[in-house]
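Since the structure of chain A is provided, determine the placement of chain B on it from the hints.
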Amino acid sequence: GEDVEQSLFLSVREGDSSVINCTYTDSSSTYLYWYKQEPGAGLQLLTYIFSNMDMKQDQRLTVLLNKKDKHLSLRIADTQTGDSAIYFCAPRNSGGYQKVTFGTGTKLQVIP
Amino acid sequence: DTEVTQTPKHLVMGMTNKKSLKCEQHMGHRAMYWYKQKAKKPPELMFVYSYEKLSINESVPSRFSPECPNSSLLNLHLHALQPEDSALYLCASSLENNSPLHFGNGTRLTVT
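The listed protein sequences derive, respectively, from chains A and B.
Residue numbers 1 to 112, in our numbering, belong to the letters of the first sequence in order.
Residue numbers 1001 to 1112, in our numbering, belong to the letters of the second sequence in order.
To be clear, the hints were calculated from the coordinates, so they are not data collected in a lab.
Be aware that one or more of the hints could be misleading.
When the alpha-carbon atoms are kept at most 30 Å apart in a straight line, the in silico BS3-like pairs for lysine-lysine are as follows [as the list claims (entries may be wrong)]:
no.: 1; chain 1: B; residue 1: 1053; chain 2: A; residue 2: 36
no.: 2; chain 1: A; residue 1: 36; chain 2: B; residue 2: 1038
no.: 3; chain 1: A; residue 1: 70; chain 2: B; residue 2: 1038
no.: 4; chain 1: A; residue 1: 99; chain 2: A; residue 2: 56
no.: 5; chain 1: B; residue 1: 1038; chain 2: A; residue 2: 99
no.: 6; chain 1: A; residue 1: 36; chain 2: A; residue 2: 67
no.: 7; chain 1: B; residue 1: 1022; chain 2: A; residue 2: 56
no.: 8; chain 1: B; residue 1: 1053; chain 2: A; residue 2: 56
no.: 9; chain 1: A; residue 1: 36; chain 2: B; residue 2: 1022
no.: 10; chain 1: A; residue 1: 99; chain 2: A; residue 2: 68
no.: 11; chain 1: A; residue 1: 68; chain 2: B; residue 2: 1053
Only chain A is shown next, with the shape it has when bound in the complex (with noise of 0.2 Å):
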């Protein structure tokens, strides 16, 4: 199966621009999600990728895809205390089933 992972804590402070990076195994994945779980919540879909795009911008997210190293990076930019949440990265892959696996997730704590 699909191996991903991402450093599990980032703390950046209000204002500041958040880099959180992923790394995945499976160089055939198609779709790559970032998701957002706030405490006690569930996960919000904040942004995708398509496997064929290197960047995308969204607002305050601007997505990375090095796709030759399987690496994607979310920058948050303007960081706001609201941003605080669990982020994960999320790979679907191109197999029969096309599967979502996602990230060890990365913890982003804003220091107002």
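Coordinates of chain B only, in the frame set by chain A:
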């Protein structure tokens, strides 16, 4: 607000009880999913229904029994659970098999 509704929000059950978790969506999505999430871990796929037919069972023990009565509803029937089954159970749906997942807020299950 999520468009995938899960009930109940919290459930405490004994090891000899039978209970059911319910999930509903009215977005016209044709794929529905059950995920299990333990504390500080990523969600793990349990079952996938596609067009109301079970397409993936990730070797889940038979004490968990899924049911998809129609395209808007997904149930998870629980019987003779163990304390280690205590977790957040998340339901998700997607328009098609390769579309982004939309999650509910989950049912927090405690088995005593």
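A quick look at each hint next to the structure:
{"no.": "1", "hint": "1053/B - 36/A", "result": "29 Å, holds"}
{"no.": "2", "hint": "36/A - 1038/B", "result": "16 Å, holds"}
{"no.": "3", "hint": "70/A - 1038/B", "result": "27 Å, holds"}
{"no.": "4", "hint": "99/A - 56/A", "result": "22 Å, holds"}
{"no.": "5", "hint": "1038/B - 99/A", "result": "19 Å, holds"}
{"no.": "6", "hint": "36/A - 67/A", "result": "23 Å, holds"}
{"no.": "7", "hint": "1022/B - 56/A", "result": "36 Å, violated"}
{"no.": "8", "hint": "1053/B - 56/A", "result": "34 Å, violated"}
{"no.": "9", "hint": "36/A - 1022/B", "result": "23 Å, holds"}
{"no.": "10", "hint": "99/A - 68/A", "result": "21 Å, holds"}
{"no.": "11", "hint": "68/A - 1053/B", "result": "36 Å, violated"}
In terms of the numbered hints stated before, the structure departs from hints 7, 8, 11, listed from lowest to highest.
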